[in-house]
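Order-wise, the sequence lines are chains A and B. Whatever position you read off the first sequence (first residue = 1), add 2 for the working numbering. Whatever position you read off the second sequence (first residue = 1), add 10 for the working numbering.
No lab work stands behind these hints, which were simulated from the structure alone. Among the hints, erroneous ones may be present.
Claimed, not checked - If you want the footprint, here are the derived chain A segments under chain B, 3+ residues with CB under 8 Å:
1. 28 to 40
2. 176 to 189
3. 205 to 217
Glycine residues also receive a C-beta, built at the ideal position from the N, C-alpha and C atoms.
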Amino acid sequence: MAPLSPVRRTLSVVGEVLITLGVVLALFVAYQLVWTNVRADRETEVARAEVEESWIRPPRSASAQAPAAEAPTVQPGVGFALMYIPRLRESVWATPVVHGVTSADLTRGLGHYPTTALPGEPGNFAVAGHRATNGEPLRDVQRLQPGDLVVVETADQWFTYRLDRDRIVLPSDVWVLDPVPGDPTATPTQALITLTTCHPRWESAQRWVWWGTLVEVTGKDGPPPAAVAT
Amino acid sequence: MYAALWRALPGPTAMKVLEAALLLLAVVWVLFEWVFPWAEQSLPFLDVTVDDGQ
Chain A
3 MAPLSPVRRT
13 LSVVGEVLIT
23 LGVVLALFVA
33 YQLVWTNVRA
43 DRETEVARAE
53 VEESWIRPPR
63 SASAQAPAAE
73 APTVQPGVGF
83 ALMYIPRLRE
93 SVWATPVVHG
103 VTSADLTRGL
113 GHYPTTALPG
123 EPGNFAVAGH
133 RATNGEPLRD
143 VQRLQPGDLV
153 VVETADQWFT
163 YRLDRDRIVL
173 PSDVWVLDPV
183 PGDPTATPTQ
193 ALITLTTCHP
203 RWESAQRWVW
213 WGTLVEVTGK
223 DGPPPAAVAT
Chain B
11 MYAALWRALP
21 GPTAMKVLEA
31 ALLLLAVVWV
41 LFEWVFPWAE
51 QSLPFLDVTV
61 DDGQ
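Go ahead and model the full structure; you've got the sequences and the hints to work with.
Set out below in structure tokens:
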């Protein structure tokens, strides 16, 4: 084979580098659109199993008083509840809610803003979830409508919230998490739920926020709420 | 570049094919485990929370 001239040799290296970059970019797209979801689905399965396992407790001794409404115990990065949204059944059904909103937390399901109320408490139970890549539980957030139910299952209870309003806000609008959103000085009397995710889906310049109000609490010794009964 | 790499791989052709495939797998693994998760941080898809911009 005749040796290439220096110019052609250089051009051939440049061409190979460009082709390589193209392949790497295509791989990155595959990573984002497919692999992050595969990985997140796996981690979500594990987190769900951990939540369910944490609910299995030795029966209380007869002397211990059973509290009527026991708040779930939470630790950072650990799931403590499962969420069901009938409207988004393909993506939010027995989805673990992990205490925390770090990247690692949000890959394992939905993330509970750690400074906000727990399910059923007066105030605001605020939850964030991915809308694009990494499991994307809230990918279909645009399908939610006022009146839709969100059911949160904890160790002992089912909490049913009814969504009543939504708003698109800026990422800096932390007031949406207030115990009484929009009224920082108010003392909460109602138990609310807040869902936040990115908007627009592939840009995230804003946040899409949904609020709901607790409408029903049932113990797990009875049947599950109709919204989750299959 | 790749021609030089091919020549540098030892052994007969069948061996070279195997070595090239292993190298490719190693590169893809490094990309998926370290490079892409790092690059992902600068894309907006992970931003789903409201915060103080910290």
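Taking the hints in turn, this is what the structure says about them:
Coverage of the region 28 to 40 of chain A by chain B holds [criterion: at least 3 residues with CB-CB distance below 8 Å; count 6]. Figure legend: the region 176 to 189 of chain A, annotated as covered by chain B; annotation consistent (3 residues with Cβ-Cβ distances under 8 Å, at least 3 required). A count of 5 residues in the region 205 to 217 of chain A with a Cβ less than 8 Å from any Cβ of chain B is obtained; the coverage claim is therefore met, three being the minimum.
The structure agrees with every numbered hint stated previously.
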